[in-house]
Amino acid sequence: MTAMERGHHSFPGPVVRAIAAGTVLFLVAPIAAIAIVSFSASRFLEFPPREYSLRWYANALTDESWRAALLLSFKTAVIVAVLATMIGGLAAYGFVRGRFRGKAALLGIALSPLVVPGIVTAVGMYFVFARFGLIETQAGLVLAHTALALPVALISVASSVSTLERPLEHAARSLGATPFETFRYVTLPLIRPGVAVAALFAFVTSFDEPVVALFIAGTHAETLPKRMWDGIQYEIDPTATAMSTMLVLFAAAVVFVVTWLRREPEGR
Amino acid sequence: MKTTFRKTILATCTLALLLFAACRGEQATNAPTATTATTAPPRELVVCSYGGAFQEAQRKAFFEPFEKETGIKIKEAQWSGEYAKLKAMVDAGQPTWDLVTAAEASIIARGARDGVLERIDYTGIDKTKFYPEALTDYSFGFDFFSTALAYNAADYATGAPPKDWKDFWDTKRFPGRRSLRNDPRTTLEFALLADGVPKDKLYPLDVDRAFKSLDKIRNGVNVWWTTGSQPAQLLANGEVRLVSAFNGRISAAAVQGKLPLTVSWHGGALDTDSWIIPKGAKNRDAALALIRYTARPDVQLALTRYIAYGPTMPEAYEKLSATERAQLPSSPENRALQFVFNGEWWAEHESAVLERWNKWQLAK
Amino acid sequence: MRDVVPGKRVRAERGGAAARDALLVVPCLAYVACAFIGPLAYMAVQSVQGSPAGGAYARLVREPVYAQVFLNTAFLAAVVTIAALALGYPLALTAAMATPRVRRFLVLVVAVPFWTSLLVRSYAWLVLLQQRGIVNQVLLDLHVIDEPLQLVYNATGVVLGMTYVLLPYMVFSLFASIRAIDPKLYRTAATLGASRTEIFWRVLVPLSRSGVVAGSSIVFVLAIGFFVTPALLGGLRQTTIGMLIDAQINKILDWPFGSALALTLTIIVVSIAMLATRSSAAVRRLVPDPEHAP
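Chains as they are written, first to last, in this note's numbering: chain A, 1 to 268; chain B, 1001 to 1364; chain C, 2001 to 2294.
Be a bit skeptical, because a hint or two may be false.
[Said to hold, decoys possible] If we take Cβ atoms under 7 Å as the criterion, some of the chain B residues that face chain C in the derived model are:
{"hint": "1", "residue": "1222"}
{"hint": "2", "residue": "1223"}
{"hint": "3", "residue": "1239"}
{"hint": "4", "residue": "1241"}
{"hint": "5", "residue": "1299"}
Since the hints were derived computationally from the structure, they do not count as laboratory data.
Computed from a prediction, not measured in an experiment: that's the story for all the values here.
Think of the CB as a built atom: it goes at the ideal place given N, C-alpha and C, for glycine as much as any other residue.
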C-alpha cells in the first residue's frame, strides 16, 4: 500500500536530511578551502586568494625534501601494509577459529595500540628507539608503524573470517585437502575482501601517521606527515596544502574506484 | 573471473610501484649507507636552523654557494631553539645535527656549561676582525638580529603607531589583538620594560615582577607564537595587530607580501645568530668548513642582502649603504634603542623560569 | 584414492586444528609485546626515576594545575563526542536509508577526509576560521556581525577541528549498527501508525544503541589523547594532556614527569575503553532481540 511504502521511503524526514546535508558541507568545506589556498600565489594563507598560481605544486613536486618524504612514506607504508596484513591476518584467523584460554585478554593486548593515545606511544617508542639507534631510520619507522597498523589489519581480517562458514573448510578437509590447500583454495579467496581492506587500512595508517613520526622521523628519514608538520610550523607556505590536495585527489580516486567496483545492484 | 583479474592487476601495479620506488629511493633519500665504492662517498652536512625566510636566506647566501665550492651536500633541519632537544640528542650519543644555528645566547651559555657543545676550532679565522661579543669558545656568531615589536603601518595610518613595550601593554590607546612568543626568553624582558624597568637595569631579571606584568596583558594576547615565521604571517593576514618578532622575518614578509610591516627598535632584544656544534657530531670537519666559509665579509654581506640581519664583521658594514644600515638591528642608531639579551643569566635560570612559565600558561 | 572417513577424521582434526589456530596469534602478540608494550613499560620505569623515586607522581597529585588540565581535556573530549554524535547520527541515518548511489557518494564524502593527513585537516580550519577567513567574511557580508569573531585559537576552533577529524569514526560506527536493523521494522511501525518521530525514538534509537556507545567511546577515547589539533587551533586554555606531555618531553626535558603524565593518561583511557566494551555487551542484553519482539 502506498501509505506504508511512502512511510518507508520518506524516512528519515526533511529535518534529518537537512542536518545531514549540512554535515556534508561541514566535511567538504575544509578540503575545498585547502585546495583553493593551494592555488594561491601568495605565500601567506589568504582566503580567498588575490592571485592564483601553480608555484606550490611545482615546489611540492620538485623540492628534494618533499619528494624524499613522499617516497619514504610510500615505501614505508607498503612494507607496513604487507607485514601488518600477514601478521595481523594470521592472528585474526587464530582468534576467530582458535580455542584457548584468556582469548579476551590477549585480544585486548593485540588491539591495545588502538586505544593508547598516539602521544604516549610516540614517547615510549622514542625512548626505546633512541637506545637502539633506531631514530631517524626507515627500519625504526617500519617497526613503529607496523605495531600501530596490526590492530587495524587484525580487525579487518577477523570480520571476514568470522563470516566464513566452517562447514566449507571441513568439507574441503574431508574431501582430502591438506590444511595448506584448504587455506589457499577455500579460505583465502573467501576472506580476500577482508585482507584487501586490512592492507589498505594498514597502508593508510602508516602513510598518514603524524604523531609517532614527529618523534621518530627526522632529516635522515623523513615521512610526509613530518615534512608537512615542519612545513606548517616553520615555512608556513602553502606547499603542504598543494601536496595534501594532490593526495586527497588520489585518495578520492581510490575510494571511488573501490566503491564502484563493489557496488550492489540497484534497488534494495 | 573478474575479481581475480582485478586483483592481479592491482598486485602487479603495486609490485611495479614498489620496485620503482625502491630504485628511485636510494638516490632521493640520500640515507647514509655503507659504501664500498673506491671513490670517497660525497661528504654531507646536516645543518639545523629556524626555518622560514631566515633559513631561506641562509640557503641562498651560505648553503648553496658552499655546496658549489666544496661539493659537500647540505641537508637541512629545523628547530625553534628548544635547548632540551639539543641536550637530549647529545645525551643519546648520536646527535643527528652536525651544525646548529643558535639564536638565543642562553643556548650557548647552557650548552657550554652542560658540555653539550664542541669547541670551535678558530685556526684560520682572525678573531680580531669580528665584534668581540660575537665569538665565544663554543659558538661563532654570524649575524646580529633582534626580537622586537612589529606592526602593520597601514593599521596606524591615522594616529601614532606603537613605539615600545609600554605601548604594547597599553590596550586602551592601542586596542587590537596581539601575539607574543610562547617562550619566556625575551618575553619576560619585554614585560619588565613595559612595567617601567629601565633598559640598563633589566638584569638580573625580577621574575616575580615580570609575571605580574604579564598577567596584565595575558587576556590581550590571542596567539602565542612558537616559530619565527608565525608573527609575520599573523600580521600579514590581519590576524593580530601587534607582535613581538625576529626583525628580519618582518622585513622579509613586508617585501614578499608588499605590505608596510614595520619594526620598532625601542626596547628590542639584540642577540646574535651563532653556529654551534653538538658534541659528538658526525661531520665536525664539514661543520667547521661551513663556519669558516661564513667568516668571510662578502659571505656575511650576502646574508644581509637577503634578510635584515647585520654582519658580525665591522669591515662588512663599510660596504653597506646608509639606507641598508638603517634597516639593521646592529647599526649604531638602532643598537642604542635596544638592550642586549643576557645569555648568562638565562643559562643560570632558564630551567626554573620555564617551569614557572608553563604553570603560568596553564593557570586560569 | 584417499581413504576417507569423514566424521571421525574431521572431528579429530578439529581438536588439533584449534590448537594450531591458537598458535597463529603468537607472532602478532610477540610483535605487539616487543614493539609496543615494551616501550610503554620502559616509559613506566622512566616515570619513577629521579629523586625521590616516584616524585613525578607526587608532583602530579600535589599540584592542582595538572588535575585541571586532565579535567579540561576530558571536558573537551566530551563536548567533541556530543557534537560528533549530533552531526553524525543524521548523516549515518540518511546514508543507511539512501539509494546505493547516494550512499556511495556519502561514503566518499566521509572517507576521503578520513584519509587526508590529520595535520592538513586541522590546518584547514585555521584557514577557514581566521579573522579574515571565509566564515567571518560571510558573516560580515551578511551583516550578521560588525566585527570578525574570534573563532580560532580558542575553544571554538579546537572543538570544530576535533569534531571534524573524529566525525568519520562516529559515522562509520553508527552506519554499521543502523544498517544491521531489519528494514521491515520501519514498514511495520509505519503500518501500525507510527509517525516519523516515533519510529526514530522508539525503533531506531534503541536498536542502534550499540553503535552509539561504540562510536561515542571511540571518539571520546581518541579525543582525550589529541595533541596536534589543539596545538594548532587552540589557545592557552585549550592545553590538553597530550600537549603537556609533548612539552615535558621535548621542551622541558623532564622525562620522568612526562612519562608519569603519559602513564596516567593511558590508565584513564584504557579504563574507559574497557568500561565501554563491557557496557555495550550489557546494553545488548537489555535491548530485546528484534526477532522476538512482541
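Verification of the hints:
1. 1222: holds (6 Å)
2. 1223: holds (5 Å)
3. 1239: holds (5 Å)
4. 1241: violated (10 Å)
5. 1299: This hint is violated: residue 1299 of chain B lies away from chain C, its Cβ roughly 33 Å from the closest one there, beyond 7 Å.
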